[in-house]
Amino acid sequence: MDDLIESLEKKGVLRSASIKEALANIDRKDFVPADLAHLAYEDTALPIGQGQTISQPYTVVFMLELLAPKAGDHIMDVGHGSAWQTAILAEIVGEQGRVYAIELLEGLSKLGRENISKYPELLKRISFYCQDASPGLPEVGERIAGFDGIIAAAEVEDAPKAWREQLKTGGRLVYPQDQAIVREVKHGVGVFDVSRYPGFVFVPFVIGVKNS
Numbered sequence: 037m038d039d040l041i042e043s044l045e046k047k048g049v050l051r052s053a054s055i056k057e058a059l060a061n062i063d064r065k066d067f068v069p070a071d072l073a074h075l076a077y078e079d080t081a082l083p084i085g086q087g088q089t090i091s092q093p094y095t096v097v098f099m100l101e102l103l104a105p106k107a108g109d110h111i112m113d114v115g116h117g118s119a120w121q122t123a124i125l126a127e128i129v130g131e132q133g134r135v136y137a138i139e140l141l142e143g144l145s146k147l148g149r150e151n152i153s154k155y156p157e158l159l160k161r162i163s164f165y166c167q168d169a170s171p172g173l174p175e176v177g178e179r180i181a182g183f184d185g186i187i188a189a190a191e192v193e194d195a196p197k198a199w200r201e202q203l204k205t206g207g208r209l210v211y212p213q214d215q216a217i218v219r220e221v222k223h224g225v226g227v228f229d230v231s232r233y234p235g236f237v238f239v240p241f242v243i244g245v246k247n248s
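Note that our numbering has the sequence shown beginning at 37, numbered continuously upward.
Keep in mind the hints are simulated off the structure, nothing from the lab.
One or more hints might be untrue.
[What the hints assert, rightly or not] Straight-line alpha carbon distances no greater than 25 angstroms define the calculated BS3-like cross-link-like pairs of lysine-lysine that follow:
| # | residue 1 | residue 2 |
| --- | --- | --- |
| 1 | Lys46 | Lys56 |
| 2 | Lys46 | Lys106 |
| 3 | Lys65 | Lys46 |
| 4 | Lys106 | Lys47 |
| 5 | Lys47 | Lys65 |
| 6 | Lys160 | Lys65 |
| 7 | Lys65 | Lys154 |
| 8 | Lys204 | Lys160 |
| 9 | Lys56 | Lys154 |
| 10 | Lys154 | Lys106 |
| 11 | Lys204 | Lys106 |
| 12 | Lys160 | Lys56 |
| 13 | Lys106 | Lys160 |
| 14 | Lys56 | Lys106 |
| 15 | Lys146 | Lys65 |
| 16 | Lys160 | Lys146 |
The task is simple: from the sequences and hints, build the whole structure.
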């Protein structure tokens, strides 16, 4: 991972010490298929089954820098897939924070849990949900007085209204849309500062009934 981390720093995308430390502690190799382990430290997306991928490290770090997670945060992670990003988030938010990881596809939900089980301490900081992420997690959002951050790994036509509603004031929403990454910072009810960063390609967001 050291060479990959150094490469991401040289490209100017990796800037935060907390994200760098988490990358160093969470081995991407633990989250890719065994037959692709030799490619784990390449800056490329890799297939993980069911038409889905583990995202390119550059893209993951780019989105994490926009999300700006910190210790104690409560983060909704939409479309966790192999759960590499989920693990990184759990490492950053620490024991006082929590990651709420949602995956619609049952096979990938199981895969993510299995991968995270290699990191028992992190597993304690994650709640897994196998369901449609469109409604968000309203009961959780109400209990914690809003999420500090919401991040999605698949492209949406528009972020669901529920995600914006469940974000606390000052919270960050990061998601792919129309071959770009969008960040929305909430300043109040219905008030958001929106930034777009073009030049990215993602798998589409899946809505509907769970399947294996």
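Against the structure, the hints:
1. Under the criterion of a C-alpha separation no larger than 25 angstroms, the hint pairing Lys46 with Lys56 is consistent with the structure, at around 13 angstroms.
2. Restraint check: the Cα-Cα separation between Lys46 and Lys106 comes to about 23 angstroms, which is no more than 25 angstroms; the hinted pair holds.
3. About 22 angstroms separates the Cα atoms of Lys65 and Lys46, which keeps this hinted pair within 25 angstroms; it holds.
4. Under the criterion of a C-alpha separation no larger than 25 angstroms, the hint pairing Lys106 with Lys47 is consistent with the structure, at around 23 angstroms.
5. Only pairs whose Cα atoms come within 25 angstroms are accepted, and Lys47 paired with Lys65 is accepted, the gap being roughly 22 angstroms.
6. Taking the CA atoms of Lys160 and Lys65, the gap is near 21 angstroms; set against the 25 angstroms cutoff, the hint holds.
7. For the suggested pair Lys65 and Lys154, the alpha carbons sit about 11 angstroms apart, so the restraint of at most 25 angstroms is met.
8. At most 25 angstroms may separate the alpha-carbon atoms for a hinted pair to count; Lys204 and Lys160 meet this at roughly 23 angstroms.
9. Among the hinted pairs, Lys56 with Lys154 is consistent with the structure: their alpha-carbon atoms are about 20 angstroms apart, no more than 25 angstroms.
10. Under the criterion of a C-alpha separation no larger than 25 angstroms, the hint pairing Lys154 with Lys106 is consistent with the structure, at around 23 angstroms.
11. For the suggested pair Lys204 and Lys106, the alpha carbons sit about 15 angstroms apart, so the restraint of at most 25 angstroms is met.
12. A distance of roughly 22 angstroms separates the Cα atoms of Lys160 and Lys56; the hinted pair therefore holds under the 25 angstroms criterion.
13. For the hint linking Lys106 to Lys160, the alpha-carbon distance of about 17 angstroms falls within 25 angstroms, and the restraint holds.
14. For the suggested pair Lys56 and Lys106, the alpha carbons sit about 13 angstroms apart, so the restraint of at most 25 angstroms is met.
15. At roughly 17 angstroms between alpha-carbon atoms, Lys146 and Lys65 fall within 25 angstroms of each other, so this suggested pair holds.
16. Restraint check for Lys160 and Lys146: satisfied, since their Cα atoms lie roughly 16 angstroms apart, inside the 25 angstroms limit.
In summary, the structure agrees with every hint in the numbered list given earlier.
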